[in-house]
Amino acid sequence: KNQVEQSPQSLIILEGKNCTLQCNYTVSPFSNLRWYKQDTGRGPVSLTIMTFSENTKSNGRYTATLDADTKQSSLHITASQLSDSASYICVVSDRGSTLGRLYFGRGTQLTVWP
Amino acid sequence: EADIYQTPRYLVIGTGKKITLECSQTMGHDKMYWYQQDPGMELHLIHYSYGVNSTEKGDLSSESTVSRIRTEHFPLTLESARPSHTSQYLCASSRGGQSTDTQYFGPGTRLTVL
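Top line first, the protein sequences correspond to chains U and H. Residue numbering for the first sequence follows this note's numbering, starting at 1 and increasing by one per position. Residue numbering for the second sequence follows this note's numbering, starting at 1 and increasing by one per position.
If you're looking for bench data, these hints aren't it; they were derived computationally from the structure. Values in this document were obtained by computation on a predicted structure and should not be read as measured data.
Computed, partial: chain U to chain H, Cβ under 8 Å: (1) S31; (2) N32; (3) R42; (4) G43; (5) P44; (6) S46; (7) I49; (8) S93; (9) R95; (10) G100; (11) L102; (12) F104; (13) G105; (14) R106.
In the SDA-like style, the derived pairs of lysine to any residue whose C-alpha atoms are separated by at most 25 Å in a straight line are: (15) H:K18 <-> H:Q6; (16) H:K57 <-> U:V45; (17) H:K57 <-> U:N2; (18) U:K1 <-> H:T100; (19) H:K17 <-> H:T7; (20) U:K1 <-> H:Q98; (21) U:K71 <-> U:Q22; (22) U:K1 <-> H:M41; (23) U:K71 <-> H:T102; (24) U:K17 <-> U:T111; (25) H:K57 <-> U:Y103; (26) H:K57 <-> U:R95.
Built from N, CA and C at the ideal position, the CB exists for glycine as well.
Looking at chain U on its own, in the form it has when it is part of the complex (with noise of 0.2 Å):
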């Protein structure tokens, strides 16, 4: 069955540190990996996005990695800010067609504090 996991599920950490999330996933076969951003009462915004040759993405403080051996990904931030607090959506598909399918994780939540 494909599946998207993610850990943890919520997150609290203060202002400036750094923290990564993980993304775990059954998803075969694989075509790409993306991690959004969501904010309370929003839609997701895309950070990153990385195929199966790539095993590093960087986005300004955002930066993913991705293990396509193991089916892992992880999304560090660095230097957190308070306007990180968001949910962070890991989400495969399984083909680079019109025919891929996005499976989507639960998220976590990050909550940063001042």
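Fit chain H to the supplied structure of chain U, relying on the hints for placement.
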């Protein structure tokens, strides 16, 4: 910021009412999608469209219907709302239909059926 809009943002209605959730995008995207998201849960695709007069059901069965008469407009209708329809509804669009194409999300409509 994506140019995709949803109205209303919040809606509280009684059982049995007919409702239409509006979604419009000004990016000229051919592909549009409707997702349903409950708190703390993953997004589920309920409808999608690859262009004018093209609509398909998604992975999650839904009693709602959609139409695509204009490229920029993709409304979702519930003929008779029930408490089980209480959820957040997110509209999205993408330039292409491949899984590597970024989907841009609207802010969502939070629907409560009493």
